[in-house]
Structure formats: C-alpha cells, structure tokens
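Participant: Sequence:
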Amino acid sequence: MARKSNVLLLLLPFLLGFPLAQGSSRLPLVLNTWSFKNATEAAWQTLASGGSAVDAVENGCAVCETEQCDGSVGFGGNPDELGETTLDAMIMDGTAMDVGAVGDLRRIKNAIGVARKILEHTTHSLLVGESATKFAESMGFTSEDLSTNTSKALHSNWLAQNCQPNYWRKVIPDPSKYCGPYKPPDVLKQGTSAYKEVDIHGHDTIGMVVIDKLRHTAAGTSTNGLKFKIPGLVFHQERISQICITCKAMYSQGAKYKRRPLPHRYM
Numbered sequence: 068m069a070r071k072s073n074v075l076l077l078l079l080p081f082l083l084g085f086p087l088a089q090g091s092s093r094l095p096l097v098l099n100t101w102s103f104k105n106a107t108e109a110a111w112q113t114l115a116s117g118g119s120a121v122d123a124v125e126n127g128c129a130v131c132e133t134e135q136c137d138g139s140v141g142f143g144g145n146p147d148e149l150g151e152t153t154l155d156a157m158i159m160d161g162t163a164m165d166v167g168a169v170g171d172l173r174r175i176k177n178a179i180g181v182a183r184k185i186l187e188h189t190t191h192s193l194l195v196g197e198s199a200t201k202f203a204e205s206m207g208f209t210s211e212d213l214s215t216n217t218s219k220a221l222h223s224n225w226l227a228q229n230c231q232p233n234y235w236r237k238v239i240p241d242p243s244k245y246c247g248p249y250k251p252p253d254v255l256k257q258g259t260s261a262y263k264e265v266d267i268h269g270h271d272t273i274g275m276v277v278i279d280k281l282r283h284t285a286a287g288t289s290t291n292g293l294k295f296k297i298p299g300l301v302f303h304q305e306r307i308s309q310i311c312i313t314c315k316a317m318y319s320q321g322a323k324y325k326r327r328p329l330p331h332r333y334m
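Counting in our numbering, the sequence shown runs from 68 upward without gaps.
Treat the hints loosely; a few may be bogus.
[As the list claims (entries may be wrong)] With a cut-off of at most 20 Å between alpha-carbon atoms, the simulated SDA-like pairs for lysine to any residue come out as follows:
#1 Lys219 - Glu151
#2 Lys280 - Gly118
#3 Lys184 - Gly118
#4 Lys219 - Pro232
#5 Lys237 - Val254
#6 Lys104 - Glu134
#7 Lys244 - Lys280
#8 Lys184 - Ser205
#9 Lys280 - Glu151
#10 Lys280 - Glu197
#11 Lys237 - Asp253
#12 Lys237 - Lys219
#13 Lys250 - Leu149
#14 Lys219 - Lys104
#15 Lys104 - Asp137
#16 Lys219 - Gly150
#17 Lys201 - His188
#18 Lys104 - Gly118
#19 Lys237 - Gly118
#20 Lys244 - Gln231
#21 Lys244 - Asn216
#22 Lys280 - Ser116
Rather than coming from a laboratory, the hints here were simulated on the basis of the structure.
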C-alpha cells in the first residue's frame, strides 16, 4: 500500500490542480486505489446528492467493506495466523486536519464507520483491539463473526503448508520451515532479513481521497491487513493522510494551472 500511495502523492499535482476543460472545474473529484469502481461510484453519488467529502470517503470505503474488495477489505478476508479476520480503518477530515482510526478491530464489519465515530465523538485518534470493539458496540454497531468459509479455508491451507509465508524471524523453530509457537533462541543469529516478498493479494487494500466542490478534502482507507499477520498488527497507512494534506495545501492556495483536459472527473 505504501508504494501505491507514494505514486498517488507524485501524481496529485498533475491530477488535482488543473481544470477539466477550459472554463470548467476539475472538482469534485474522487480518487482511489485499484479498480474498485462501485466504491468510487458510491463516493461520487454521495457528493452528487449533497454529502460532504468525509461522507463520500466513508460511503466509498464502506462499499468495499461490504463487497470484500479483492479479499483485502472487509470481513471474511485475510486471516491472521490464528485464523481470525480483524479490520483496520482510518478516515481524515483534511479541512479540519482531524483523524479517526481503528486497528485490530474484532467482530465489527463496518470498520470505516467506527473510525468516523472516533473522529467525531472522541478526542482520540486511534482505538485498537477488544477495547475498540467495545467502543463500536457502544456506538450502536453489531458484533458478529467476521470469518467465512473462504477465510477458514485460507487458514487451513496455510497450516497445511507449514505456515508459509509468515512474518517471524530470528526465532525457533525455524519459521521458514515450521509453524509455531515460536520463541527467541538462546543465541541470536545475525543477518536475518526483515524483508518479505509479498504479492498484490497479500498486502493491498483501498485508499480513497475526495475533494468536494467547496475544496474540502477527506481521505480514508479500510483493510483486513496482511494475510497471516501476527495477531495484533496495526496497519501502516500514513501515506493516505499525507495525500489528504497535500490536497488541502494545493486547494487552499487556489492554485490554477493549464493542462490538457482529462476524460473523467473521477477514477
């Protein structure tokens, strides 16, 4: 996700600062990673019906949570090494420069909705784990099992393949050959790399940036995290916040540029 977000940061000055055509505005705009068209459309329709940029981000990401986009978003997707699917989400109001996020959320499907409740109803930025679930329940969210036959099968197959791949290093038994439980060795061997080769289906998710017609910005992301991650891992989505801050900086200055027209107002 970090690499994808870096690309968005590089493209923003070219995508967001220019009018769509002579005499017409480039705004509003919805931009998200990957070809999650229903999520993009939901965000766009939210703006079209008078919703805010924050509303659009929440609704767009919520669609991906429901549709389980690419298996990397929402319930029934990437299980951790114990077989449980947990969720992370973040939403940022770029105009107010305020953020709400949830990590290692258990048994609550609408993670982006919980993140927004944290944004709007607390002075905190991040809640995690079982305490985040209790907060969500107090906000009216329903607790339910996030596992599906798909996620259970993924976990069973992983166990049958000696828990490969995994995210352990410098432990015994050898994590490149065996399942855990693991523990530190008496003598630590040097030179073990922290780098893991992970394909697209093992790591990515939806990241969304919205700018409404009033130049208000918002950004968000929702994910079920790395497949077979060590339980307790909280996501790394700081790039999405950086994108939102970049959007705000560009449009608060009212920058105007000339560039050839682009064919779509959302992508």
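Participant: Among the hints numbered above, which are violated by the structure, and what are their numbers in rising order?
Facilitator: 7, 9, 10, 12, 14, 19 and 21
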